[in-house]
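Keeping the supplied structure of chain W fixed, place chains D, P and Y upon it in accordance with the hints.
Residue numbers (UniProt numbering), protein chains in the order written: chain W, 1 to 206; chain D, 1 to 206; chain P, 1 to 206; chain Y, 1 to 206.
Because the hints were derived from the structure by calculation, they are not lab data.
Glycine residues also receive a C-beta, built at the ideal position from the N, C-alpha and C atoms.
Please note that the accuracy of each hint is not assured.
Facing chain W, from chain D, some residues (calculated, C-beta under 10 Å) [to be verified]:
#1 Lys9
#2 Ile35
#3 Thr145
4 protein chains.
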Amino acid sequence: MEKIQWNYKTPGIPDRLFVRGKVPMTKEEVRAVTISKLRLQEDSVVLDIGAGTGSIAIEAAHICRQGKVIAIERNIEGIQLIQQNCHRFQVELDIRHGNGAELLETIDSFDRVVVGGSGGELKEILTLCHQKLRDEGIVVVNAVTIETLYEATQFMRECGYQDVEVISLQTARGKQLRKYTLMEALNPIYIISGSKGQGLVQEEER
Amino acid sequence: MEKIQWNYKTPGIPDRLFVRGKVPMTKEEVRAVTISKLRLQEDSVVLDIGAGTGSIAIEAAHICRQGKVIAIERNIEGIQLIQQNCHRFQVELDIRHGNGAELLETIDSFDRVVVGGSGGELKEILTLCHQKLRDEGIVVVNAVTIETLYEATQFMRECGYQDVEVISLQTARGKQLRKYTLMEALNPIYIISGSKGQGLVQEEER
Amino acid sequence: MEKIQWNYKTPGIPDRLFVRGKVPMTKEEVRAVTISKLRLQEDSVVLDIGAGTGSIAIEAAHICRQGKVIAIERNIEGIQLIQQNCHRFQVELDIRHGNGAELLETIDSFDRVVVGGSGGELKEILTLCHQKLRDEGIVVVNAVTIETLYEATQFMRECGYQDVEVISLQTARGKQLRKYTLMEALNPIYIISGSKGQGLVQEEER
Amino acid sequence: MEKIQWNYKTPGIPDRLFVRGKVPMTKEEVRAVTISKLRLQEDSVVLDIGAGTGSIAIEAAHICRQGKVIAIERNIEGIQLIQQNCHRFQVELDIRHGNGAELLETIDSFDRVVVGGSGGELKEILTLCHQKLRDEGIVVVNAVTIETLYEATQFMRECGYQDVEVISLQTARGKQLRKYTLMEALNPIYIISGSKGQGLVQEEER
Chain W
1 MEKIQWNYKT PGIPDRLFVR GKVPMTKEEV RAVTISKLRL QEDSVVLDIG AGTGSIAIEA
61 AHICRQGKVI AIERNIEGIQ LIQQNCHRFQ VELDIRHGNG AELLETIDSF DRVVVGGSGG
121 ELKEILTLCH QKLRDEGIVV VNAVTIETLY EATQFMRECG YQDVEVISLQ TARGKQLRKY
181 TLMEALNPIY IISGSKGQGL VQEEER
Chain D
1 MEKIQWNYKT PGIPDRLFVR GKVPMTKEEV RAVTISKLRL QEDSVVLDIG AGTGSIAIEA
61 AHICRQGKVI AIERNIEGIQ LIQQNCHRFQ VELDIRHGNG AELLETIDSF DRVVVGGSGG
121 ELKEILTLCH QKLRDEGIVV VNAVTIETLY EATQFMRECG YQDVEVISLQ TARGKQLRKY
181 TLMEALNPIY IISGSKGQGL VQEEER
Chain P
1 MEKIQWNYKT PGIPDRLFVR GKVPMTKEEV RAVTISKLRL QEDSVVLDIG AGTGSIAIEA
61 AHICRQGKVI AIERNIEGIQ LIQQNCHRFQ VELDIRHGNG AELLETIDSF DRVVVGGSGG
121 ELKEILTLCH QKLRDEGIVV VNAVTIETLY EATQFMRECG YQDVEVISLQ TARGKQLRKY
181 TLMEALNPIY IISGSKGQGL VQEEER
Chain Y
1 MEKIQWNYKT PGIPDRLFVR GKVPMTKEEV RAVTISKLRL QEDSVVLDIG AGTGSIAIEA
61 AHICRQGKVI AIERNIEGIQ LIQQNCHRFQ VELDIRHGNG AELLETIDSF DRVVVGGSGG
121 ELKEILTLCH QKLRDEGIVV VNAVTIETLY EATQFMRECG YQDVEVISLQ TARGKQLRKY
181 TLMEALNPIY IISGSKGQGL VQEEER
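Chain W with its partners taken away, still in its complex shape (with noise of 0.2 Å):
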């Protein structure tokens, strides 16, 4: 592994610094969004539930100096991925291998969750996250298929979370072809999220 030079800890790392494997991992567009809408605050304690390389968790770090971010991610190849990346970006975070379900009975409560992956449990998932999110938290579920985005949606409002928002994001990028400039469609991604309790803002002019 070369040196990059890269020490900023502010948001906006380029995809090609992390060291990827051949794990999936959330696109740089997709990752402002999704840290957008986590309206994380520097003592956040945030989780991220299928942390992929931890590209989300990294820049989630980054911004919550006096908090902390746990990352959690089933596939021992991520959780090798996610070291080199805390190394790299110089970043402590609290790495836990293992499933999503059965981490989450390990831990207190936490003020921002976001899932990036269920494997298939989504809905035990959110429900744990449910129990352990402190009011006012936040929950954020990035879905690639209709059927995840359609439970989330639904898990939120059931749930009576305040400002349910569901996202849809089609992102391309150019790519040079002598002369020309070829667009290239990343995949769709939904992000749903929402706020237990009475939501960050109570009170405000409409």
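Chains D, P and Y only, in chain W's frame:
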């Protein structure tokens, strides 16, 4: 203007918290991706040309705490909104009222520039930005028209910018209608970015 | 109502030529894809449930010259628009005013059905359609909500439909503003289709 | 080559029924919209420049039964695919092998032209098409690059075309993975169209 409870100096301010008037506003998903492409550092000097309501400039200022953000807007209503939003989010911007190309003459140099509106003078503005942008500086253009998309892309290629990226972003937001979630589209936006000189990342593993 | 010069009985009637009222209308790009997914034959008997302005039914009738198109619409204003559009485009439709589920009871059988609106009774309508649809018949659902998208997809999978396709379509249209082309988004639409029985194509090279 | 059972001469041939080789193929959703924008008539003489696998030309030929469709392709592998697909779908095309601009010199006049590929000679091709296109004729350009999108739009505006339309289309298709439907994006396509002379519709109600 009522008071709102939002005193986080972190990314992800919800759109509805900004004072907006009738000025077009960069939506929060686009804002997040734009700021990501700016690859801001804590000490960056940032220029926002066509700042609108100031939403990008304000989030940039939260990140660039040892730097400085200059917001240029030629619409006087916009200037007032930027001031109100600065007050609301407790941020200090260097706000300048006037034409982008003219005001650029008065500015020394900067590390980052985002062009949200060019008033039909894109080429002049990009040329001036190019002259004043520091080496390894980054330009980001948010385009809503085919012509701005094309011209910004051409400009960056012709100037030999590094890491030129052309992104198209189509966002839709779910609107709750009884038990249904109706997906409503935001207009597509094109985000063109590039880095002067050798680019931010000089040495890297591929 | 002025007369217009459009007497082609071929695909691609421009949206602006339809009498539209305030009834939501399937946009021509969506209409084209929907009709494509219907895989119409010249002698098909086609049902259009929630026909709106009749635009899909009218283009289907241009293709199914030895068949028949039945247009169901529960909104009386819609019925009048369908009649006006039939007159305008010289097409004969079997127009029926009323609730989709109830009217389905009165219809014998058909080869194709497109569900453009279900008035909250999607499951009942799809179940009735399934009973009355001929073997190798095709169902196409146009959905604008997450819930309809999910339920239509689930229904087709549970009924063992062949060639189930789930398509999302995001269209933007350029609007000329002086020398600029501003891209304006249409709302995303989801087109779910499937074939009863063995599907249209029984034997093929892969 | 096995025989397939598809003898409908109607719109909506599924992509997988075409013999495809390694030649890029216009996807069926894009094909449907492209044909819609061509506003074909039964007696239209249609030119397809960069015909690829012939999928657009073949569907056009199904509609223009009293007209004629000329398919130009410079890739010899493409020519063979077009011939195979003509045989498969029982259609007669006038197939010409060679460079678009050169072959255009040999063609008298036509009512419709679709440019699917221009081999870097878009301007020459559009200029020649403009000369040979009959009054009220229609040009449709399918673009996958920013540069073709821009140049085609500019060309049509500069030539004073009527009803200039610029459409961007982002399609995603669901892929079944066990009980999930994973949405996979197709690359975005831009469809630019316009009508020479006064346009197809001379008199209309607005």
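Original post:
Hey, does the isoleucine 35 (chain D) contact hint survive, CB to chain W under 10 Å?
Top reply: holds (6 Å)
Original post:
When the nearest CB of chain W is found for threonine 145 (chain D), is that gap smaller than 10 Å?
Top reply: violated (16 Å)
Original post:
Against chain W, is lysine 9 (chain D) within 10 Å by beta-carbon distance?
Top reply: holds (8 Å)
The structure fails to meet hint 3 from the earlier list, while all remaining hints are met.
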